[in-house]
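With the hints as your guide, set chain B onto chain A.
One letter stands for each residue in the lines below.
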Amino acid sequence: MPDEKIEKKPGVCIPWEEKIKEYEKITGDAELIKKVWEDIDGLAYIYIWFVLIAA
Amino acid sequence: MAEDMEKLYNERLERYVTAMKNGKPDKIPVRPFVAEFVAKYAGFTCQEVTHDANKAFEAVRIFAKDFDVDAVVGNMIYVWTGMTEANSTKYYKVPGIDLDPDEAFQYIEPQDEEGAHMKADEYDQLIDDPTGFLASVWLPRIMKDSSKGDYRSNLAWLKGGIAMMNYFTGFGVQGAALKNESGTVSAIAGALKAPCDILADKLRGYRQLSADFFRRPDKVVAACKALMPHMKYNAYATADPTKTVPITVWLHRGCAPFMSYQAYEKFYWPTLKQIIIDLYDMGWQVLFYAEGDWDKNLKYTAELPEKSIIYHVDRGDIFEVHKQVGHKFCLSGGIPNDLLTYGTTDDVRAFCKKIIDGVAKDGGYIMDAGAIIQQDAKIENVKAMVDFTREYGVY
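As given, the protein sequences belong to chains A and B, one line each in that order. Sequential numbering of the first sequence, starting at 66, is according to my numbering. Sequential numbering of the second sequence, starting at 583, is according to my numbering.
Just so you know, the hints here were simulated from the structure itself, not pulled from any lab data. Some hints here could point you the wrong way.
As the list claims (entries may be wrong) - Selected chain A positions facing chain B (in silico; Cβ < 7 angstroms):
{"#": "1", "residue": "Lys73"}
{"#": "2", "residue": "Pro75"}
{"#": "3", "residue": "Gly76"}
{"#": "4", "residue": "Cys78"}
{"#": "5", "residue": "Trp81"}
{"#": "6", "residue": "Tyr112"}
{"#": "7", "residue": "Ile113"}
{"#": "8", "residue": "Phe115"}
{"#": "9", "residue": "Leu117"}
{"#": "10", "residue": "Ile118"}
{"#": "11", "residue": "Ala119"}
As the list claims (entries may be wrong) - Short derived list, chain B residues pointing at chain A, Cβ under 7 angstroms:
{"#": "12", "residue": "Leu716"}
{"#": "13", "residue": "Ala717"}
{"#": "14", "residue": "Ala808"}
{"#": "15", "residue": "His812"}
{"#": "16", "residue": "Asn816"}
Unchecked claim - Away from chain A, derived, C-beta distances all over 12 angstroms, residues of chain B:
{"#": "17", "residue": "Leu590"}
{"#": "18", "residue": "Ala686"}
{"#": "19", "residue": "Gly714"}
{"#": "20", "residue": "Trp739"}
{"#": "21", "residue": "Gly754"}
{"#": "22", "residue": "Val755"}
{"#": "23", "residue": "Asp783"}
{"#": "24", "residue": "Lys784"}
{"#": "25", "residue": "Thr826"}
{"#": "26", "residue": "Gln844"}
{"#": "27", "residue": "Lys848"}
{"#": "28", "residue": "Lys889"}
{"#": "29", "residue": "Asp929"}
{"#": "30", "residue": "Val941"}
Since the model is a prediction, treat every value here as computed from it, not as a measurement. Virtual Cβ for every residue (Gly too), placed ideally from N, Cα, C.
Next comes chain A alone, as it looks inside the complex:
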């Protein structure tokens, strides 16, 4: 059965829910990994949309 498509909300390029599936297991602080992933992913989002809106 194909994976359910995860919607990309504003501010997101690759949703964390999609990324976490790529890890076999998380041995440490999952919230920390999620936060940093989302922070940097958000910068990429801003770049893509900045080129569209203002550059």
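Using the frame of chain A, we list chain B on its own:
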């Protein structure tokens, strides 16, 4: 920050904010959107300020020290061609490369279906996943280096992202410098465009979008709705976190003669209106920078909540605008750019007086030209606009 500069900054900020909320401050705020004009004033070429963002920032600071203005944009030359050359995008003719060094950059809009950066049969891809479409289809298509192999293509992406980060950091430094060195307020923060203008300017081209209005109207409506949350997010993600200065919506094709009422009602206005209302609910005013003549759209603009926008007049009749919506919104602009280029200082002073007498008596007005002030404006005329307003525009 020196005590006198802090005092000056606070006075200017108070003046600017009071007017934006449609109040009557101590004097009429002066907030000129000086773009390539600062290059002329500071002794740089258009190429220098367009290609080197640090020179643009420097030129603005030189202007702000010498002109008694309340607020300016950190850099009003909105395209940094150093970045667009690095990420190799196709949209611009660049001074010093494609144009004379003393010409302002030019925007190259898609002209036909072949040149469109989003094809007619790609609406569903955009609607289904806007970010995915932009990253997978649109950006590779508009980056010249995409066709030069992985090395060039990957580097173009990398350089663009890093350049953007540096540029954003530069704006922060610039804002502090303007505050500390000349007590000048940074006038705006956060960029917004109407979803329909995004389709016209960057994706389909105005001509193709006009055809889409008839050939695939449901797709256009759906595309605007799909873009709406992203436009809103990008506006507030880059906005002033203190919500003191407004987000700006740069309005392009919604006015006559580009769009009929029917098209405006169906395609352009609904999502733009909702975005502005949502941003105001979140605490941000929006500078409604209506390029061209938007007088025929006033009945729609009047639907917006009181004080939600600062209405900027370009080619419209500011006196009519004041009559219809001046009770609801602060107005700015109205000084014709061609007057600043071709008129005399007496002409400029007379026009400023006419506007001040006509629309600014009860407050809620900010002095500025109708459009961004470029390298063709005479220095003495811009000075006359600023100095006359300082002298005459006292409440």
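Review point. Which numbered conditions among the earlier hints are violated in the structure presented, ordered from lowest to highest?
Key: 5, 14, 19, 20, 23 and 24
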